[in-house]
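Asker: This is what each chain is made of:
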Amino acid sequence: MAEEKAASTEQKEMEERALSVFASERKEDLTALIIAFALALLVIFTLK
Amino acid sequence: MNGDKRSPAALIVGLILLIYGLVLKRHDAAIPPGYLLDVATYLKTTKEVVTQFSVAIWSGAIITFFGLWNLAMPSMNSKFDKMVRTPIAGVGTIIFLAFITRYYLEPIFKVWGKNAEPNLGFDFAATFGLNYILLGIVIGIIWVNTIGIPKWMQSGVKTARLAMKMGVISLGAMYSLTELRYMGSLSIVMVAVFVLGTVLFVLLLGRIMKTPRPLTGVLSAGLGVCGVSAAVAAAPVVKARGIDMAYSIGMLLLVGVVGLFTFPTIGRMVGMNELQFGAWAGTGILNSAQVAAAALIFDPKTIETLKVAEIFNITRILFLPVIVIVLAIWFAKGEEEAEVGKVNIGRVLVEKFPIFVIGFILMFAFSSTGIFTPKNYELHGKNFYNFAPEEKKEVRTRDLKKVQELIDSGNVTNPEVRAAVEKLIADRQVTTTAQTDLVLKASDFTDDKKLKDIFKDADKKVQATPPTIKMMREYMMWFFAFGLIGLGMQITWQTIRQAGGKAAVIGVIAGFTKAALSFLICWLFIKGTI
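Line order of the protein sequences matches chains B and L. Going by my numbering, the first sequence opens with residue 2, and the numbers climb by one from there. Going by my numbering, the second sequence opens with residue -2, and the numbers climb by one from there.
Warning: the hint list may mix true and false statements.
Claimed, not checked - No farther apart than 27 Å at their CA atoms in a straight line, the calculated lysine-lysine pairs in the BS3-like style are these:
| hint | chain 1 | residue 1 | chain 2 | residue 2 |
| --- | --- | --- | --- | --- |
| 1 | B | 49 | L | 457 |
| 2 | B | 49 | L | 44 |
| 3 | L | 236 | B | 28 |
| 4 | B | 49 | L | 379 |
| 5 | L | 457 | L | 298 |
What the hints assert, rightly or not - A few chain B residues facing chain L, derived, Cβ under 7 Å:
| hint | residue |
| --- | --- |
| 6 | 29 |
| 7 | 30 |
| 8 | 34 |
| 9 | 36 |
| 10 | 37 |
| 11 | 39 |
| 12 | 49 |
Note that these hints are calculated values from the structure, not bench results. The beta carbon of each residue, even a glycine, is placed where N, CA and C say it ideally should be.
Please take these sequences and the hints and turn them into a complete structure.
Answerer: Shown next, in the form of structure tokens:
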């Protein structure tokens, strides 16, 4: 019984960890895009 | 109010960097104080002191500022606090680790490798590629699997993936159209064969081993396309459960980590060039981040291997929509009900398609307009040129005499080439892109190696990387170094352990087959350089 419960908790943990990958990927991509372009513009304005 | 939000860690890390920078500044950034100069001389890093100084001062000042702010006023739940103030302690710690690894650990291993060469018979640091990228990842792995990631560092470590993506987007500015055209056409053929081949192979293995169809589906996307993000994109169309994803992520990480450490060593041992290795890494390594890591471990000084590897990686990511559709059809055919009708493939494609790839393409398009090219600089082929007259660009008098002898011999029969070489003799340096092409062609009219070198040198002397590109390259390398240490901190034994049973068997068989076949093709059939 205890083993079953432990296995179920472990499975739940694994599922949660896996599903966390789904979250916020889009926002992260957009943030990366904005920062990369902002830095590129900064470089152009300061060094060109 | 969370305890992690009031941690003094950011302040401590910031102050260490700031004090180090100020110690360098005490005399002159270029000439550090005696004891530091001794260390720099021993490590052969005296040329990097100026960069060390600016990195330490700027990052130290920013981290100290936020560290003080966090101590005085704990961060709340605003967007700014979540994105900047809360992660700063973890971000600062990773920057500090990257700093130590780049300016101290890598040089120490280089010196030790050389010192041990007479006894060992080989330079172990060079053979195993113990550079700051590899050492950073290893430190990250050791850190997370021993002391673990404290609460105050967690949100900072999560920004590693963001940094990698910023690195890839910025890399878009480093390609010329010529390079992209050449590498692009090569990558499309290779990637199409390997992506589709691996997906079909995994589907077949799944059938033979009787694994659940959703698990087979996500495994095939992950092993065929670009690792975890492909598995995530394919999950909805094959109705994958959390447990399928957990197995797949564990397996992808396991096979990816093995590839990350073995590819660069094998590549170096067989003497691959940057085109061969970049193509192999971009095809054979599973995860996008590990492709960048392997390319940088193989060649941390220039970004040529990284450029090739990322083109291959991005090409395979562009295959993602095709694979999602293939898997949706495959899954629907195997189900009693036509499940594909219940999943909106279009919506899945739009929602899961990685925007950073579009960012990379946009950055390339942006740089193709010439916006990064300052006055006096010209992009020609894959190189930048600056033809403004300067003494250091001039060909030496005795070399010009040798060139004159060639002209006098009458061997240069092409009138255009002849005119270009005569102009070189008159101006002492190359002055236009058209002339540089013709001067390089002059090598075809002689067998004298010295003369060939003179023409090559005349071209090299007018090549110059604009300061804008130099700066972008520098911060891009920091994004990658930062991202890869963070990546190491996410490689936990606990996650790898998830790769159990049939998923691991399929992963090892498919991953090894893909790596071995792509190695043979890249090594035997890809010739020449970029």
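Asker: Would you mind marking each hint as holding or not holding in the structure?
Answerer: The hints, checked one at a time:
Between residue 49 of chain B and residue 457 of chain L the alpha-carbon distance is near 23 Å, which keeps this suggested pair within the 27 Å criterion. Restraint check for residue 49 of chain B and residue 44 of chain L: the C-alpha separation of about 25 Å stays at or below 27 Å, so the hint holds. A C-alpha spacing of about 24 Å is found between residue 236 of chain L and residue 28 of chain B, which places the hinted pair at or below 27 Å, so the restraint holds. For the suggested pair residue 49 of chain B and residue 379 of chain L, the alpha carbons sit about 20 Å apart, so the restraint of at most 27 Å is met.
For the suggested pair residue 457 of chain L and residue 298 of chain L, the alpha carbons sit about 18 Å apart, so the restraint of at most 27 Å is met. For the restraint placing residue 29 of chain B at the interface with chain L, the shortest Cβ-Cβ distance is roughly 5 Å, inside the 7 Å limit, so the hint holds. Here the hint on residue 30 of chain B is kept, as its CB sits about 4 Å from the closest CB of chain L, short of 7 Å. Taken as an interface hint, residue 34 of chain B checks out: its beta carbon lies about 4 Å from the nearest beta carbon of chain L, inside 7 Å.
The beta carbon of residue 36 of chain B comes within 6 Å of a beta carbon in chain L, closer than 7 Å, and the hint placing it at the interface holds. With 7 Å as the threshold, the beta carbon of residue 37 of chain B comes within range of chain L, its nearest partner Cβ sitting at about 4 Å, so the hint holds. Against a cut-off of 7 Å between C-beta atoms, the interface hint on residue 39 of chain B is violated, since the closest Cβ of chain L lies about 10 Å away. Taking 7 Å as the C-beta cut-off, the interface hint given for residue 49 of chain B holds, the closest approach to chain L being about 5 Å.
Figure legend: structure checked against the earlier numbered hints; the only hint not met is number 11.
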